[in-house]
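Visitor: Residue numbers (the working numbering), protein chains in the order written: chain A, 1 to 400; chain B, 1 to 312.
Hints are computed from structural coordinates only; laboratory data are not their basis. All of these numbers come straight from a predicted model, not from anything done at the bench. Don't be surprised by glycine CBs; every beta carbon is placed ideally from N, CA and C. The reader is advised that the hints may include incorrect statements.
Dumping the calculated DSS-like pairs for lysine-lysine here, alpha-carbon to alpha-carbon at most 25 Å [said to hold, decoys possible]: (1) A:K219 / A:K195; (2) B:K284 / A:K55; (3) A:K371 / B:K275; (4) B:K147 / A:K371; (5) A:K112 / A:K60; (6) B:K91 / A:K112; (7) A:K321 / A:K375; (8) B:K275 / A:K112; (9) A:K392 / A:K321; (10) B:K305 / B:K284.
Part of the chain B face toward chain A, derived, beta carbon under 8 Å [claimed, not checked]: (11) M1; (12) R99; (13) A133; (14) A188.
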Amino acid sequence: MRFFEYESRQILEREGIPVAGGGFATNAEGAKQIAADTGGPVVIKSQVLTGGRMKAGGVKFADTPAECEAHAKEILALEINGHVPRGVLVGAKAPIAQEYYAGVIYDGIAKKPTFVFSDMGGIDIEEVAEQHPDHIGRGHFSTILPHMDFIAKDVVASVGITGSDLNRLTPILSKLAELFVKYDMTLAEINPLVKLEDGSFMAVDAHMDMENEARPRQKALLKDLGVADEETREARDPTDFEIKGEQIDSADHRGVAGNVTEFDGNLGLVIGAGGGSLTLFDAVRRYGGKPANYCEIGGNPSVSKAKNLTKLVLEKPGVDKIAVMMSIVSNTRVDIVARGVIKACLELGHDPAEKVAVFRIPGAWEDEGFKILEKYGIEYFDRSVSMHEAAKRAVEKIQG
Amino acid sequence: MLIDENTTFIVQGITGREAVNLTRECLDYGSKIIGGVTPGRKGREVHGVPVFDSVKQLCEELGQVPDGSVVTVPPAFTKDAVFEAIEAGVKLIVIVTERIPRFDVAQMVELANLRGARIIGPNCLGIIRPGIAKMGGVGGPAKDAEKAYQPGRVGVMSRSGGMTTEISSTLTAAGLGVSTAVSIGGDAIIGSTYAELMPLFEEDEQTEAIVIYTEPGGRMEAELARYVTENQGAKPPVGAEGSAKLPIVAFMAGRFMDEMPGMSFGHAGTIVEGKADTAAEKIKRLADAGITVAEEISEIPDLVKERIGVAA
């Protein structure tokens, strides 16, 4: 779950990391006020959860409060990659001596969190890592031992920093590591972290991601920041179709109908489970099919959950037929999914044999399931027909 | 290879609905489950398996430390259960639970490394050695597992539990069979990655080739590619020069995700956090290391046969 820049700055502040002056505003008057309070030149930045703000015109500079107000008005009205800004961040422009990068992420290979630090801040860190590896410092830290400053110190020193800079940077990195752990972050970065002409350090821009799985135990922080439970913060806002999918899943605790995602094709997909859905979606596209949606069923759903998901897909405008496919199931029951799918067709007044292009779910209770499918004349496959062959057949049928 | 017919294990959270099924399935398959743990349920039995309040109590009363444990407790309690098992001396832990926060997983793995224990998972279905034993829900009920998994020559490692069975079934149908299949888990951090399990497969006399199922997200395919390269490269096709290391065939799902950065599909670990995490980049790295990348599951048996020099 991504945080807005202004939220990330608030998190830094509450953990004692100095942050450049300024504030967050949701309207142009508020932005003007912040500029007046700050006194001096400011930068106005769109608060959106997407990249490329600078290029899109979402970042502007102003010398006076009136100029700030005018820029804020423009930025607030500017959609970036389909995202409407939450507001603007008005930041004081301070005399900068040097820019640094400080981040903490997980290293899935070492299976530990790691610092990433550079004395070349303000630019894309992946680029720095590729072109100037000697300007990047890294260091893993333990998840069991208490946090120790020496690791942060070694990371900073490894790019050649010493003197008072080293002693001032070390606690900032340590605090960043501590908040990364405390708030279940998967990414916590300050970019740039700047050194002012007076030798002090402060964060100018920050970016944080919290793990979705940890949201239940981070309620206090989310409440303080005003993040509502229903804010998913995905790469784009959910569509009505996706919200309905979510509702079908949560209405019944039996089984899963997850990750319902809208696409604009004509072949509806009732597919599962995690890996099976990824494989099948690729397979449909490989044979030129145009999926109307993505989803993941599994965990032995009830007849009604399978039925409601199927209905949702069938009722989606532009859907001509559906393909019901999964990898071999051992927990989900073939007969239950078959009954749900058939019921959905019948309740909507469709002939299941016509609407269901293919049914390919082998595994638990398959004999019972195949018997029902046979009765309704639905074309079904057992495990001897591969997932790709089934997907190919579905595409052929929909293309007539 | 991880487990055999004598491996003893326990089930933590044994009285949960899924755990009861899993216990039944494993017992039917011939696995040795010597006990289970659910706090407050001491004295009960699950399919004849005695239940205890704690791992320590179980070890004391049975007079032995089990070789392994299958952990199926809710995410908020998993870390405690896994620490409990490791501190009691259990050396192989299969974590079935999904939706465990990454920090907790990192802690469990770090402790396991300190104590010389191995974790498989989380968010996995466990390990199966066809015809010998299974540890976890992989393959489902014994009769279903038998259908998909016949003993044979190919090792399987998969980030998806369901696809472990799909691929194994394909190998079984093609007459190749499966030596050991490991559902390694779908999370961003897992206890045992492909590269970490490779040495076990290399030492296993039964295994002649490896098939892996992979997804976008994370660096463990890159880690495997590096492992293979550093170990003199995967075995080249028949007739070509090269070392005698195990040949590997990979299948990559979720290629469509490359067009949709930042969106999450499939497992928790599929989230793409950098360009090295994309399907296209992974396929390239695997191929560069001499690993054959299959376009479809049904191609896998022939690709394996080609790599081990068996007529298709």
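Visitor: Which numbered hints does this structure break?
Guide: 1, 2, 3, 5, 11, 13
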